[in-house]
Amino acid sequence: MDGLAAGPGCGEAPVLRERGQREVFCGLTGIIWLHRKIQDAFFLVVGSRTCAHLLQSAAGVMIFAEPRFATAIIDERDLAGMSDANDELDRVVTRLIERRPDIRMLFLVGSCPSEVIKLDLSRAAQRLSKRFSPAVRVLNYSGSGIETTFTQGEDACLAALVPEMPAEPGSARSLLVVGALAEVVEDQFLRLFAALGVGPVRFLPSRRAAELPAVGPGTRFLLAQPFLAETARLLEGRGAQRLAAPFPLGAEGTTAWLRAAAREWGVDGAKFDAVVAPGQARARAALAQRAELLAGKSIFFFPDSQLEIPLARFLSRECGMVLTEVGTPYLHRQHLAEELAMLPAGITLSEGQHVDRQLDRCRAARPDITVCGLGLANPLEAEGLTTKWAIELVFTPIQGFEQAGDLAELFARPLVRRARLMV
Amino acid sequence: MELAVWTYEGPPHVGAMRIATAMEGVHYVLHAPQGDTYADLLFTMIERRAKRPPVTYTSFQARDLGGDTAELFMEAARDAYARFKPQAMLVGASCTAELIQDDPGGLAKTLGLPVPVVALELPSYQKKENWGAAETFYRLVRACAGPRVARAEGARPRANILGPTALGFRHRDDVVEVTRLLARLGVDVNVVAPMGATPADLARLGEADVNVVLYPETAGVAAAFLQRQHGIPATKTVPIGVGATRDFIAEVAALVGVDAGAVLAEQASRLPWYSRSVDSTYLTGKRVFIFGDATHAIAAARMAAEELGFVVVGLGTYTREYARDVREAAKAHGIEALITDDYLKVEEAIAALRPELVLGTQMERHIAKRLGVPCAVISAPVHVQDFPARYSPQMGFEGANVIFDTWVHPLMMGLEEHLLGMFREDFEFADGAAPSHLGHAPAREAPPEPVAAGPATWAAEAESELRKIPFFVRGKARRNTESFARERGLTTITIETLYDAKAHFSR
Chain A
1 MDGLAAGPGC GEAPVLRERG QREVFCGLTG IIWLHRKIQD AFFLVVGSRT CAHLLQSAAG
61 VMIFAEPRFA TAIIDERDLA GMSDANDELD RVVTRLIERR PDIRMLFLVG SCPSEVIKLD
121 LSRAAQRLSK RFSPAVRVLN YSGSGIETTF TQGEDACLAA LVPEMPAEPG SARSLLVVGA
181 LAEVVEDQFL RLFAALGVGP VRFLPSRRAA ELPAVGPGTR FLLAQPFLAE TARLLEGRGA
241 QRLAAPFPLG AEGTTAWLRA AAREWGVDGA KFDAVVAPGQ ARARAALAQR AELLAGKSIF
301 FFPDSQLEIP LARFLSRECG MVLTEVGTPY LHRQHLAEEL AMLPAGITLS EGQHVDRQLD
361 RCRAARPDIT VCGLGLANPL EAEGLTTKWA IELVFTPIQG FEQAGDLAEL FARPLVRRAR
421 LMV
Chain B
1 MELAVWTYEG PPHVGAMRIA TAMEGVHYVL HAPQGDTYAD LLFTMIERRA KRPPVTYTSF
61 QARDLGGDTA ELFMEAARDA YARFKPQAML VGASCTAELI QDDPGGLAKT LGLPVPVVAL
121 ELPSYQKKEN WGAAETFYRL VRACAGPRVA RAEGARPRAN ILGPTALGFR HRDDVVEVTR
181 LLARLGVDVN VVAPMGATPA DLARLGEADV NVVLYPETAG VAAAFLQRQH GIPATKTVPI
241 GVGATRDFIA EVAALVGVDA GAVLAEQASR LPWYSRSVDS TYLTGKRVFI FGDATHAIAA
301 ARMAAEELGF VVVGLGTYTR EYARDVREAA KAHGIEALIT DDYLKVEEAI AALRPELVLG
361 TQMERHIAKR LGVPCAVISA PVHVQDFPAR YSPQMGFEGA NVIFDTWVHP LMMGLEEHLL
421 GMFREDFEFA DGAAPSHLGH APAREAPPEP VAAGPATWAA EAESELRKIP FFVRGKARRN
481 TESFARERGL TTITIETLYD AKAHFSR
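In order, the protein sequence lines correspond to chains A and B. 1 is the number of the first residue of the first sequence in the numbering used here; add one for each residue after it. 1 is the number of the first residue of the second sequence in the numbering used here; add one for each residue after it.
List time: in silico DSS-like cross-link candidates among lysine-lysine, alpha-carbon distance up to 25 Å:
{"no.": "1", "chain 1": "A", "residue 1": "K388", "chain 2": "B", "residue 2": "K51"}
{"no.": "2", "chain 1": "B", "residue 1": "K127", "chain 2": "A", "residue 2": "K118"}
{"no.": "3", "chain 1": "B", "residue 1": "K345", "chain 2": "B", "residue 2": "K476"}
Don't read these hints as lab results, they were simulated from the structure.
Build out the structure end to end from the sequences listed, making use of the hints.
Structure (structure tokens):
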């Protein structure tokens, strides 16, 4: 099966672009999964009390252990010029590194206030890197809400890592999988690529900051996440080539994603089919149980993580759901070309947000399930709409054959719950 | 610049949201970048509110900064009025918008909206959440409150209840409890604000004889204004605990001129008897560490000492605005108050004082869990668990009942503690057993403290004697014995030393 040839799709469909109140997180939120992923890195937000409050509210109960993120809170003395913000930052970083000698990489993360006061964190990172080299490398990126929406924070973080990646000597061919994935998913993909004879395979981000993968003209990369525009651009700048593919969600998406690498490595069709067949069969069996429940049900996406279009494609093609509006904070036409071609015609695609107008449209559509952020979920439930928290789709392993059933389950559970409750 | 891993309070505009969300008919237009909408989930998720907070965010982005962010604000304010038709609007800036200095108040004035527009100046880089809540409530009261209305001779006295907000620690139930208490005194409630009040209700604040201030952190400034400007007296006692509730009843009665005798004669709480009953003997002298907002920390210290017979070994707050009151309260317990918003300092203090019970916020709950010390939560910042489905006030006589249960629950029950001591040598007795009604992991014995100089070594038979002491006092026995040995320059601790030290430290 080859999904790429299917249907007229949404490739050229008009997009409803809106601006107004955006009910989305800023890019700082990415720190919550990135600090778990890169295990010897520390994320220091240079920002306000609001930034610190956002992180602890979004991270919920992650204070069981001392987390590998913190905020250097700018105060009025820094703003009034009574103290030099750069000296203050150096003092805070020095204290932090003394406290956490296990840190190998420190990200200075820019915020809305640090951008507006034009605090130059790239110069600060250079200065501090020099001071703490070689024990600690200091990098910077912006997770500010004025520049990044939610998952774009991961894009900015990975983009900051690209110049740090060592150069691949010669033109040796390798596969780079780009975008944070759960370790269990990485390991599943590694086994599949090994069986296909595709390799060597590396991941960005790597689990340890000191083990960044090499990159060069022989590097072919697959995006594992749809929100990595800047990272992809910089990788291409270092000679790597992107393998165009849909994203590895569901049996169909995972197959097409793996096939893109297999083709590049010249794996023959029969071998490819034999390697992916068991995973495909398990995914389809797991999906069959949930698809019965989801088939024919309508779904509405509020913009959140940029995963909306791949998710909509999966739910429509593999679970039989009916798409109403698919909202995304940002639509990258090139990276999503394969996905858009697979969407059914006649749906509303929207980019950006005016939350009040979008709520009006959602209420008018009365979808069977609405995918939205935590600020909207309970109010919509109280209005009688069934919801799925979008953030869970970012924090849960959903990619690959073995997770296809879990992904469908995330949408099935709210419907099952509503059907069960008699109060 | 201050390094923060976790904060007790959010920024001041979150305080303003707590007021706007608690009220009806108010809408807050907040000049803020994309991402600041995270604050909505505090209300919809933690408090499980079924409605979105009445807040419109302008959501400006980097590309707007070179252009006209002021126009963006005006458009958002115009649209918000047209869509939500509030009785009053709040306008203000979050931390980032404060830096671009668009003056939301001035801009809103030019729109000529047909409702009162209250401009909030909340300095994000100096102040915090509770200050923002107090300032917002004060600004709204100032803008809306009508003059004091002379009460007819012989009319039933009336009180306003001031302070309950959205996202408050048990505010929902405290209002019910205090309303019942006032009813028993023959005092009617005129207006409850901000919780549930409209701007029109605020206009009627002058029709009351007294303002009952439940939470000085949020209502203190507004109540002082109403006292100064309209001559309405305000209560000073916060009715948390049996003693404070009785004091509160007497205070309200005196302010409105009713006789409290009958109400005070009722034995309305079970706490006094529960504390006197023999099972509670084991509570005597338990060392307790208290940290929270000023109101709840001060009240907890008084209850701990006077109503449960604990010893307050630590008392502190993150509320700098009321640091003086907490310092005074601490002095009454012969200790120095801990005034900080750095939880790492609180953790150090708890580790150093080794209390037997911690009464704190959700953060102290985590700290206590790490240190293996029982803990009960007494104050905001709140967690979804702090909004129980059941009625669970902190104030009034029922609040005292709730608090007795809440504090005693994490501890060993009296008879159980006694039996553990009796059977500790039984081979089936698991040393380190947790209270039987708690399923979670047992409290760990804290590792021995490093000794500064001249550490005495334990003789084998002394060490084995030490193990016969119940585990929950063993750490203390070890420390006391070691410090006793150190002071006397002993190098070996024998059984004799152990019992000499016991005699020395016995109270």
